[in-house]
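Visitor: Chain residues, written in single-letter form:
There are 4 protein chains.
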Amino acid sequence: MDVIEYTPEPEQYAWTFGGVAPTHRIKPGSVLRLWTEDAFCGRLRDITDMPSRALNMPYVNPQTGPFYVDGAEPGDTLALHFVDLTPARDWGASTTIPFFGGLTGTDRTATLQDPLSERTWIYQVNSERQTVEFAAQASDLRLELPMAPMLGTVGVAPAAGEVRSSLVPDTFGGNMDTPEMHAGATCYLGVNVDGALFSVGDGHYRQGEGEACGTAVEGAMHVTMLVELIKGGAPAWPRIETDEHLVVIGSSRPLEDAWRASQVDMIRWFGELYGLDKLDGYQLLTQISEAPLANVVDANYSAATKVAKALLPRAEVYRGTHGRLREAASTIA
Amino acid sequence: MDVIEYTPEPEQYAWTFGGVAPTHRIKPGSVLRLWTEDAFCGRLRDITDMPSRALNMPYVNPQTGPFYVDGAEPGDTLALHFVDLTPARDWGASTTIPFFGGLTGTDRTATLQDPLSERTWIYQVNSERQTVEFAAQASDLRLELPMAPMLGTVGVAPAAGEVRSSLVPDTFGGNMDTPEMHAGATCYLGVNVDGALFSVGDGHYRQGEGEACGTAVEGAMHVTMLVELIKGGAPAWPRIETDEHLVVIGSSRPLEDAWRASQVDMIRWFGELYGLDKLDGYQLLTQISEAPLANVVDANYSAATKVAKALLPRAEVYRGTHGRLREAASTIA
Amino acid sequence: MDVIEYTPEPEQYAWTFGGVAPTHRIKPGSVLRLWTEDAFCGRLRDITDMPSRALNMPYVNPQTGPFYVDGAEPGDTLALHFVDLTPARDWGASTTIPFFGGLTGTDRTATLQDPLSERTWIYQVNSERQTVEFAAQASDLRLELPMAPMLGTVGVAPAAGEVRSSLVPDTFGGNMDTPEMHAGATCYLGVNVDGALFSVGDGHYRQGEGEACGTAVEGAMHVTMLVELIKGGAPAWPRIETDEHLVVIGSSRPLEDAWRASQVDMIRWFGELYGLDKLDGYQLLTQISEAPLANVVDANYSAATKVAKALLPRAEVYRGTHGRLREAASTIA
Amino acid sequence: MDVIEYTPEPEQYAWTFGGVAPTHRIKPGSVLRLWTEDAFCGRLRDITDMPSRALNMPYVNPQTGPFYVDGAEPGDTLALHFVDLTPARDWGASTTIPFFGGLTGTDRTATLQDPLSERTWIYQVNSERQTVEFAAQASDLRLELPMAPMLGTVGVAPAAGEVRSSLVPDTFGGNMDTPEMHAGATCYLGVNVDGALFSVGDGHYRQGEGEACGTAVEGAMHVTMLVELIKGGAPAWPRIETDEHLVVIGSSRPLEDAWRASQVDMIRWFGELYGLDKLDGYQLLTQISEAPLANVVDANYSAATKVAKALLPRAEVYRGTHGRLREAASTIA
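Chains as they are written, first to last, in my numbering: chain A, 1 to 333; chain B, 1 to 333; chain C, 1 to 333; chain D, 1 to 333.
The hints are simulated quantities; they were obtained by calculation from the structure and are not laboratory data.
Do not rely on the hints blindly, as some may be mistaken.
[Unchecked claim] With a straight-line Cα cutoff of 16 Å, these simulated EDC-like cross-link-like pairs (lysine to aspartate or glutamate) come out:
1) K309/D - E144/C
2) K278/D - D114/A
3) K278/B - D114/C
4) K309/A - E118/B
5) K278/D - E118/C
6) K278/B - E118/A
7) K278/C - D140/B
8) K278/A - D140/B
9) K309/C - E144/D
10) K278/A - E144/B
11) K309/C - E244/C
12) K278/D - D140/C
13) K309/B - E118/A
14) K278/A - E144/D
15) K278/B - D140/A
[Unchecked claim] On the chain D side, residues computed to face chain A include the following (Cβ under 7 Å):
16) Q113
17) A160
18) S165
19) V264
20) Y274
21) G275
22) K278
[Claimed, not checked] So the derived label-pair ranges between C-beta atoms look like this:
23) R89/B - K309/C: 53 to 59 Å
24) S117/B - S117/C: 22 to 28 Å
25) A308/A - R89/D: 33 to 39 Å
26) R45/D - D114/C: 56 to 62 Å
27) P10/A - D114/C: 20 to 26 Å
28) D46/A - D277/B: 47 to 53 Å
All C-beta atoms in this analysis are idealised placements derived from N, C-alpha and C, irrespective of residue type, glycine included.
Make the full structure from the sequences, and use the hints.
Guide: And the structure:
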């Protein structure tokens, strides 16, 4: 297996999906050992660091990549398996950004009220206990919360010549901010351009579903991942497979449309795996779907449709790709 | 403890929240042993029963009740604890109703396409294995799915003299269709009128999050429940407490507004329980919220904000009501 | 022609559609000379009157009625023709109500920001010049604006036993807040209950499309209207006919669904009038529809689909009802 | 005045805003005499031409440009004045594209229903009478409709390095599809990149508000326009000025957010022009706003907030730019 180790310099960060020359050309089957900077570019380090001063908009959410995958062509399916996500710092940060977030007016949900105050929280990481510590600021509450590392942003170059901000999720993936993107998961993305040109970033040490205030426990991350290429079979929306679940992530507005897109693609997936017609698939999904929200804050909202494999017949998903990647992962972890 | 046993006759069904005279007057602390008819009034019994012919619109989703709770006044909090939910039939039914459901145009999301075909599924209940069986119709797939009984509809009379269809969820509860409403859960509802006038119905033997096609595995239910009254403290939106979780259900359109309402009320709840200010509460919720959808099909959509108690400090929730009800339940189950 | 003159006493106001006994029983063909109180119950009379103190929630938006129309049965069409709308006071009022309005967070679009400040504006009516005067408060700007009297709220009792707040628009009409409801207009409403039980209120001396802050230039109104009954033909959504236009008002959330509902019903109307199939109707509407918003502030938003008769072939709309009512109006104005 | 005449060859069409090298470098004050191809690339010429076969997705909605404007820098305001829009063909075309449009499920508003049938309509242009002719296909109705030429797509390169499809409207303008973009109008756009890099296209011989089926009477267009540059003052959203109106176009989803964005920016504009504070601006706008929809079909929906100048005090809008451009236009028309 080819092994690529890469820690980008700040000038190498990618701020968009598409529109960026690849930093590496890799073969399917490669192992990547990457470092990703946090969404704040590491600029929020203390509770006195306020986003309006510390951040250099729109240069937020830097991505590591893009990677050109040999042989990837439009219509193919890129499989990205996350072997390990390990926090690269002993602290993470979260904050309220004026007119950004799910429970505030924004530039789109435009209201006339004053913005919420800015406040920054720093979470200490306890690696031994695998926790991060929440510390309230207006009162004394401190809570140890389990670490749950994930990547907020995983995507490929968009179709039709578009270049999209790393803040936006859509059919190409991007800033979906779903807790389903954890170690052990395989993400399937439809390839839109030669080489796929994927990149990853936006490590979260922990995040709730919906990411209400717009920023998780953001932190630099060591990412170990495997890359596979499946010819053909490009899904309409990003799909995720774990040992226990099948997941589709839809991204749109209003939120019901994000959910609808993910539901319809899961029904399509049922058709591919089990030959269910759309009405039977609709019925089955109605009774077994989990529907955890991903983000209700980004330029598109993201919703997950998630199904436990234990409820379904065994099936050969993408020709057994996830199982093979899990095995390969066990040899390198 | 007073024990009320009640199986309504069809002419005693309630079709609305509000606007109906109480069938019973009960004391706080009462035990209710009820029977609830399914949302189809038991009219879909075979895969050849089609909703367009078998249902008598708008007479669907009949409720058992309403119950007048002695001493309940506007501003109080009604606590309904579900001790046991047991299927009252050995089959459940689901169907596609023309222009109703999450993945079809409706009278609101009005489109010009032809409706989806009607199709009815009958699920056989296996009480021993505690399963229901899905049987595809266009192919041979059969799947045994775990039973997971819940009530789709729980509510009180609305405020401001309104009378609302039992198909609609809102601040008064109603047709929230959330799988969080299972045995072992305590539902807290704000009282709007003297006596509260609550009713329950719409048993589901199983339902996925979102209830995509609009109908779960619908079935008549034996419901054992306890009723408590807490003076004052009426929550803005229905809240649910289980041994493991705190939950708020918001209901509105678009779906992000249902989610927003539930999130803001959970932050309010954090304030009540822990004295967190709204920014600290927003931050904490961002990192620990679960956000499983309830329904994306009814006149209002419903979203749950759900938090694991294990992540939070111990707290006296509604003066320990849930714990006391759990204990009382153990004496009668 | 029967002529009914009626100025309700405050204890006679109706606060809901449905759930209220009729104040009068009238015959089709009757003339009504009514007085309607403003949405604030006349309590905002000075710029120092603040809604949080002066209003007695939820007792706002009082309606005059309901009227039982002899012979009206479910499925029929009620035609309400507004002959004259004349301000009944020499001032109107508007205000910002905390957490109510289109450009602020609300109980549904729930955000954590502080509310906007309350501010009340009083508009002096100049009957001679037919204007109302806007006076800015934080600066010196004063503007004379043309008077444009309309009724914000016109509706019948809802279907399925529901009782709805006078603040809510839906298929039964209600608080649509459309400037299309002016003198000279005929409003067609589907009848849901025996007698139709319509009421009217919420006079606006002037209102922009969308009613952004949630309150127009609210004022008591002298309303002269004619009532007709058309057997059968109940439209799905309120329709309005003027000498120049056909209009349908849809009410839902999100706003696109209000628009969709009104568009689909206009296509249906084209089918009734001209025999256009739905695709030809869709095409024609695409090129000739006007789409002025009505309200983006109420519990449901309202959107108008409006078509100039001049662009269409002559047609017998509701058997010429509007024309006959215009003639009748000319004899009584 | 510099005069640029330009008819692009098909290989010179731009399919995106951003990401394309300029075809011309022009000076502020230049006159452009352009030709724009229709959104279908001229491929729908007969009612038997069906989009699924005739169109080469995603190569639709070709733009003429982009033009690099000397001296334009981020933060500046580009003023584009449309002197004349004259149909370049004697026919226009419209069609139903499967799963595209406002009254059908789409890839976002994902439903399981079958698509609407494809149908193509050809409109004959009568230059003398200045009309286009609608011809129903399932029946005999033919209607002569007034010509009302406009440009559906006008925009500059987006900010933050994004490249967006010519099908998408957003803060940079783009595919807003508003009938307000007619001859005599001046469009103000905020400049995001050096040179502004604007382009124009998507001529409509006529379009209703909302553009329900997704395609107007699409036609190639002769465009005569003037280009001015205003240093600084970049608006948040595209603004339009005519002799009679001020207009802001917001683009987002759900539709209420498009409307909110346009309303808030109009209140900001009132502040710039008249020194109104935001509450007084909110109040005034509530009573005088027109709110005609633009499109409810594109990747973002577009809504116009429109105010009659006659209702407002005289003001120096963008230092009198529109008036000067009108004068200049009169010398070249």
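Visitor: Can you list which hints this structure breaks, lowest number first?
Guide: Going through the list in order, the structure violates hints 4, 7, 10, 13, 14, 16, 20, 21, 24, 25, 27, 28 and respects the others.
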